[in-house]
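Visitor: Listed in order, the protein sequences are those of chains A and B. FYI, in my numbering the residues of the first sequence are 6 to 418. FYI, in my numbering the residues of the second sequence are 6 to 418.
It is possible that part of the hints are untrue.
Intra- or inter-copy, both count: the list cannot distinguish identical chains.
To be verified - Below, simulated BS3-like cross-link-like pairs (lysine-lysine); rule was C-alpha separation at most 25 angstroms, straight line:
{"no.": "1", "residue 1": "Lys335", "residue 2": "Lys303"}
{"no.": "2", "residue 1": "Lys20", "residue 2": "Lys52"}
{"no.": "3", "residue 1": "Lys334", "residue 2": "Lys137"}
{"no.": "4", "residue 1": "Lys131", "residue 2": "Lys367"}
{"no.": "5", "residue 1": "Lys20", "residue 2": "Lys367"}
I should point out that these hints are in silico values taken from the structure, not numbers from a laboratory.
There are 2 protein chains.
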Amino acid sequence: MKTGDFVEIEKNGRKWKGIVMPHHAFSDKNIIVLKLEKGYNIGIDAKGAKIKVIKEGKEIKRKKVEIRHDEKKPTIALIGTGGTIASYVDYKTGAVRPAATTSEIAFSMPKIFDICNIEAKVMFQKLSENIKPRDWKKIAREAARKLNEGKSGVIVSHGTDTMTHTSAALAFMLKNLNGPVILVGSQRSSDRPSSDAFDNLIAAEKVALTDLGEVVVVMHGGISSGKCYIHRGTKVRKMHSSRRDAFVSINNEPIGIVENEVKFLQKYRKKSKGKTRVDDVLNENVALVYFHPALRKKDFENIVDGKDGIVIAGTGLGHVNDEIITAIKKLIKDGIMVVMTTQCFYGSVNMNVYSTGRKLIKAGVINGKDMLPEVALIKLMWALAHENAEELMIKNIAGEMNERRSISPPKSK
Amino acid sequence: MKTGDFVEIEKNGRKWKGIVMPHHAFSDKNIIVLKLEKGYNIGIDAKGAKIKVIKEGKEIKRKKVEIRHDEKKPTIALIGTGGTIASYVDYKTGAVRPAATTSEIAFSMPKIFDICNIEAKVMFQKLSENIKPRDWKKIAREAARKLNEGKSGVIVSHGTDTMTHTSAALAFMLKNLNGPVILVGSQRSSDRPSSDAFDNLIAAEKVALTDLGEVVVVMHGGISSGKCYIHRGTKVRKMHSSRRDAFVSINNEPIGIVENEVKFLQKYRKKSKGKTRVDDVLNENVALVYFHPALRKKDFENIVDGKDGIVIAGTGLGHVNDEIITAIKKLIKDGIMVVMTTQCFYGSVNMNVYSTGRKLIKAGVINGKDMLPEVALIKLMWALAHENAEELMIKNIAGEMNERRSISPPKSK
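Same shape as in the complex, but just chain A (with noise of 0.2 angstroms):
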């Protein structure tokens, strides 16, 4: 049995029929991945499985496909980091492999030359659950230098896990950017009818090319359509585990959306003139505390034990139970800062309504306002190395915090 022949295989009493994939960077050694007639691929562990070839796989001639770089046009860096999205996808098999070059990308996707010229680079080949604070860095560098370097925008590709903590920080560590800074995966890999790859890095290589100066997210905004929408890097969260449609703008409308052509529907920030700077210091000994009826005092005492600082989601408005309270005046009377967010999502932390508030407020808890939980533990990561921390995290530093407005939470379907 080799790559590209169509097999049965037969285990546990089950059986399947499919074209066998070349081996998956990201999958086990004795897994055997097999792409079944509706299109889909499965990992079956080769131990104990009968296996039967069909027909051999035939040999395709691949098409060469040659990228000479158009002086006319603009050029735009991609940063690799491990998603599916910039993966090559072998015509014969119809299997993902990471693209390492130029030329792969461009064998995988011709048409995402017609517009500009990409300079491409993997960097590392990561499942984005593995991705850390130090990761968050590197990326931040090399954006930071390719802009700099003069390219009209920087695409950083990345599993779609922890992209959305990947784009918040570096929403924190570039500053003053003189061009986009974007973030794009996939939902399903490139290999499959319902993929969002191509979509969402097309659109991603448009927004690009606009005068945008902030680091976003451009991924699948519908079910059906090619849409997709231009999330601000520290207002998206990913809110589902499997669709396209997975990342939503919260507590914030999309700055823009790409259909055709990009179209902005909120205020952004213009790119600027001078050169895009990094401040990439970091402080990693935080905790991030969700709040529930069952966490003792002495629980979260050990949490958060020996921590500079903590982000709690707290319920509702921004609440814990009044034990708690007492462990965070602790904490704060020990200098240790504190930072109220709401595991609600939607809405803003206020801490006026109830007596719970105010005696946090008293306590010396800083308000995380309408701030996601985790975008508020990495700028909390990030203010904690800087000596004005406190002052830091008050304010708004990259489109982290809005001013009281109302956004709708979800809908109940």
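Based on the hints, put chain B in the right spot on chain A.
Guide: Here is chain B on its own, set in the frame of chain A:
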């Protein structure tokens, strides 16, 4: 200055005019609550404030409302736990006080007695962030008692902050329900013109008279209309810190809608003919961990140290990074139960797609499917107190898990 007076308060260079409200049960001692002319209440710390009485308040004669038990009407039970919903509005001042007796409720909202008799009992007066697991047990036992006494249904008035935690707990604890148990609250206190208290309570009453045999949350579903949704108690989350339409069914359509009448939108469990049973044992020694890129192995180990069970809110399809997987493996070897949910909320955990998920399955992590993280935590507390905990965790007990279905994530606005 006395309650009901129209006063001017000056403090730190700011001035407010309004009517002095009676002291609110939840307010600090030195807080003066003023009803401003535009209808909102604010709390002002009396310390250092200059107060001028502009006009003394007049005594307004209270209309006596007599509610007689009508034998031709069904009777429901109303259990007060501290929400503003079952509060009693003082017509003299418009202020909110907890209603302690049926006649006080009657005085506040006489219309709620039109369709049935209400037997009210205030169990406790707590801000819901202070509700503890032991309170869930008290409410469960009282609800079962009332149903087994022959009440048509039970309404539990509850603060909104942890209402869905209580609804999930009751759903696991109450077996063979012979009537509906409805949690209801209000996002805006009943002294505000925009209050949802009355609409929600009337809707809850209508649901209490149906043949439903489940624990549900009944709350406002739109911005302006009187429409309320009936949410399954294990599938609902507070998704906005302040709006009236904050409660949203997640990975599920609401069970029904209440406008003038109750209309069921999907299948539901009908009330049984037997007795309602209470199974309220809990193991509270659990932890809920939201994964993020800065969470280190050591942090994770601190949080879960000494616990009997852990719920993780992973990224995307249910992922954590490789170092946390190492820690999880050790936990499971030591006999600790680890359940995976998704911090996306919408969509299901699926640990078969990527290598990370397969590693987690191999380690023995339990698939929380489309359960909300906090619901999975409450279920785990309940399951761990039973002998067949693992079996209970993977089984659908109270509508908390669905077979795979596609429910849209919230839309970007």
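Visitor: Checking each numbered hint in turn, tell me which of them this model violates, lowest number first.
Guide: none
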